[in-house]
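Engineer: So the sequences go chain by chain: A and B.
Numbers 628 to 949, taken from this note's numbering, label the letters of the first sequence in order.
Numbers 4 to 371, taken from this note's numbering, label the letters of the second sequence in order.
Hint data in this document are derived by calculation from the structure and do not stem from the laboratory.
Only true hints are included.
Below, in silico cross-link-like pairs of lysine-lysine (DSS-like), each with a Cα-Cα straight-line distance of 30 angstroms or less:
1. B:K174 / B:K62
2. A:K697 / B:K32
3. A:K760 / B:K202
4. B:K46 / B:K289
5. B:K46 / B:K292
6. B:K298 / B:K46
7. B:K46 / B:K331
8. B:K32 / A:K760
9. B:K244 / B:K84
The following residues of chain A were derived to be distant from chain B, with all beta-carbon distances above 10 angstroms:
10. T655
11. N670
12. I715
13. L740
14. P888
15. W927
16. V931
Owing to the predicted nature of the structure, the values given are computational and were not obtained by experimental measurement.
Note that CB positions come from ideal geometry on N, CA and C, so glycine has one too.
Letter by letter, the chains look like this.
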Amino acid sequence: MNEFLQGGLYGGGIIVAIMTSLLFVLWTERKMAARMQSRIGPNIIDPLGFLQAPADVLKLLQKEDIVPEKADRALFNYAPVLGAAVAIAVAAVVPFSATIVGADLDVGVLYLLAAGAVGVLPVFAAGWGSNNKFALLGAMRAIAQSVSYEVPLVLAALVPVILTGSMKVSEIVTFQQNHHWLIVWPFFLGVPAFVLFMLAMLAESNRIPFDIPEAESELVAGITTEYTGMKFGLFYMAEYLHTVIASAVAASLFLGGYDGPFAPGVWWMVAKTFGMVVAIYYLRWSLMRFRSDQLMALCWRWLVPTGVVLVVASALFVVFAG
Amino acid sequence: MLLHFGPQHPSTHGVFRMDLYLDGEIIVKAVPYCGYLHRAVEKLCEKLAYVQLTPIVDKNDYVSPMTNEQALVMAFEAMLKLEVPRRARWMRSLFAELQRIASHLLAIGTFSLDLGGALGGGSTVFIHCFRERELILDLFEDVTGARFHYNTHTIGGNRHDLPAGWGAKVKAALDVIEARLPEYGAMTLENRIFQQRTKNVGVLDGELALELGITGPNLRASGVDHDLRRDAPYSAYDEVKVKVAVAKAGDCYARSEVRVAEVKESIRLCRLFVDGMPEGPINSGKPTKLPVQTKIPVGQTYVGIETPRGELGTWLIADGTQNPYRLKIRPPSLHSLSALPYILPGQTVSDAVAILGSLDPIMGEVDR
Numbered sequence: 628m629n630e631f632l633q634g635g636l637y638g639g640g641i642i643v644a645i646m647t648s649l650l651f652v653l654w655t656e657r658k659m660a661a662r663m664q665s666r667i668g669p670n671i672i673d674p675l676g677f678l679q680a681p682a683d684v685l686k687l688l689q690k691e692d693i694v695p696e697k698a699d700r701a702l703f704n705y706a707p708v709l710g711a712a713v714a715i716a717v718a719a720v721v722p723f724s725a726t727i728v729g730a731d732l733d734v735g736v737l738y739l740l741a742a743g744a745v746g747v748l749p750v751f752a753a754g755w756g757s758n759n760k761f762a763l764l765g766a767m768r769a770i771a772q773s774v775s776y777e778v779p780l781v782l783a784a785l786v787p788v789i790l791t792g793s794m795k796v797s798e799i800v801t802f803q804q805n806h807h808w809l810i811v812w813p814f815f816l817g818v819p820a821f822v823l824f825m826l827a828m829l830a831e832s833n834r835i836p837f838d839i840p841e842a843e844s845e846l847v848a849g850i851t852t853e854y855t856g857m858k859f860g861l862f863y864m865a866e867y868l869h870t871v872i873a874s875a876v877a878a879s880l881f882l883g884g885y886d887g888p889f890a891p892g893v894w895w896m897v898a899k900t901f902g903m904v905v906a907i908y909y910l911r912w913s914l915m916r917f918r919s920d921q922l923m924a925l926c927w928r929w930l931v932p933t934g935v936v937l938v939v940a941s942a943l944f945v946v947f948a949g
Numbered sequence: 004m005l006l007h008f009g010p011q012h013p014s015t016h017g018v019f020r021m022d023l024y025l026d027g028e029i030i031v032k033a034v035p036y037c038g039y040l041h042r043a044v045e046k047l048c049e050k051l052a053y054v055q056l057t058p059i060v061d062k063n064d065y066v067s068p069m070t071n072e073q074a075l076v077m078a079f080e081a082m083l084k085l086e087v088p089r090r091a092r093w094m095r096s097l098f099a100e101l102q103r104i105a106s107h108l109l110a111i112g113t114f115s116l117d118l119g120g121a122l123g124g125g126s127t128v129f130i131h132c133f134r135e136r137e138l139i140l141d142l143f144e145d146v147t148g149a150r151f152h153y154n155t156h157t158i159g160g161n162r163h164d165l166p167a168g169w170g171a172k173v174k175a176a177l178d179v180i181e182a183r184l185p186e187y188g189a190m191t192l193e194n195r196i197f198q199q200r201t202k203n204v205g206v207l208d209g210e211l212a213l214e215l216g217i218t219g220p221n222l223r224a225s226g227v228d229h230d231l232r233r234d235a236p237y238s239a240y241d242e243v244k245v246k247v248a249v250a251k252a253g254d255c256y257a258r259s260e261v262r263v264a265e266v267k268e269s270i271r272l273c274r275l276f277v278d279g280m281p282e283g284p285i286n287s288g289k290p291t292k293l294p295v296q297t298k299i300p301v302g303q304t305y306v307g308i309e310t311p312r313g314e315l316g317t318w319l320i321a322d323g324t325q326n327p328y329r330l331k332i333r334p335p336s337l338h339s340l341s342a343l344p345y346i347l348p349g350q351t352v353s354d355a356v357a358i359l360g361s362l363d364p365i366m367g368e369v370d371r
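Okay, chain A solo, but in the shape it has when bound (with noise of 0.2 angstroms):
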């Protein structure tokens, strides 16, 4: 019962924390991405820009919802609500401090692999239920994508797991408070799965230089292309959604999660996770995207065999040094 409650006043009080903060990460992408163009971003609503986005949300609210003709409805209607449900669902093992946790899951490492490739679903219902061809090539090479980059995450994610020896997120945690951040020690292990780690994941979320699902110049708006008013608004939250809980995943993995001097460990947790989503944000702003195949390539060629190299080499460190 005791773990229930905690579960649920957890888990609901983080789900809230994440949305709310989603409107501060906008604004923060927003305001970069103008700073980075030479422009001034948002600034009519409020002298500052922060109601853009609860405006935007509002105007996306009030918009006529069009479902095609021909497409499935079923299919078309549930994706967007699987897709949001789906990024949030991978925030409920991630440890904001040593007590603020939704389930601290013995095999929590394996179970966000798991909900993070059940996103495959949502998309591939968009793209096929919209019965548009857009959508649809947008939703093959989605899937494509995503199945392809799923070996990568796994195999980054079990360094960490090799390491420490635990598949819960919060003894993963707890082993770098007692010892080293996986990326300060060993950092030849660390660093180079860290990278790998961030780069699936940058994948699995569609971002630039990976966003080729919905690459709006050349597939329009790729899965989103016949989704008008808050369906599509829900896409976009998801996509949000996966930035900044891929982030919180990766601190806590990689950059010893709430650990940290001074500050109550919750600050830190926060922290690292915007600094993670400032520095995915940059490379969004400055990079340009690949193509569908060269995408395949760089996942089968190098970050595959990098990643193998890797969980054997954290084998043999944790079997002879460790």
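Got chain A sorted already, so can you dock chain B onto it with the hints?
Structural biologist: Relative to chain A, chain B alone:
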């Protein structure tokens, strides 16, 4: 699968449609269709008096209006056997080179937008390019009062003289643009992702390009050394030496490379023109009270000039009245687009966007 690519599509550079026959993502056959932006400019030209035509052709290649006007009035001057004052010729060349910088900046920017997306690195390059293009539009505004559709070329010379101190402003703007060029280099030509997306994509053979009548940067990127500014000098180009940028590969990367090199060359030429700007009258045309008083004797002529996109030709048949009997405009973009059915098959949909962007077509002049 048959994919209707356009006319309402974010990266068809206007209203342009391609029917792409796809096998997976590979293009098997491509059929381009143009004509969605047809405004009957050539017919309109037959109905208006000669002196009323410059503002009409301004809107053809709406990215470089200066060169449109220039090609038109040069045809009229050739028919009238009118000697243009030296200052006017130098001004025209200076305008054309400034316009070339602005136009190529826009080409690089929109090409990056095609590659990088409106919500990503592509738009960063795009907006940076527009920032610099803005400087040039400001310069033109100082001279003509208009930011875009200038209507400054007239038969026999120019309408607006350069304001005092304008040369210094031009040089200051050029310094800024030159200093910022390496930024674009880092984000485009030197960028690994950009190279991967453009190298060996959309290879256009030099001979095919010549057969299709492709001119300008697209032709020079295919290894054909051809530039009307050097090969058939007009305006002030016979008094300066134009270094022509040529690349061998013929792919999207080579086309971008040529454009960047041409921006650098244009900056050099602009400095020459500003420094050597002669004094004197800017118009030798006979002043008339009414448009109908400007009449061109019976005959025909063809005048071609090198615009940022290639050879823009004006073929004029005059019947002695105040209107042209027939005015045919040869737009370089139309010929560039005619390469699409040859170079698209075998490429992917993503490449189609890159190839179309690298050809830098302007639908306004394709459809006229």
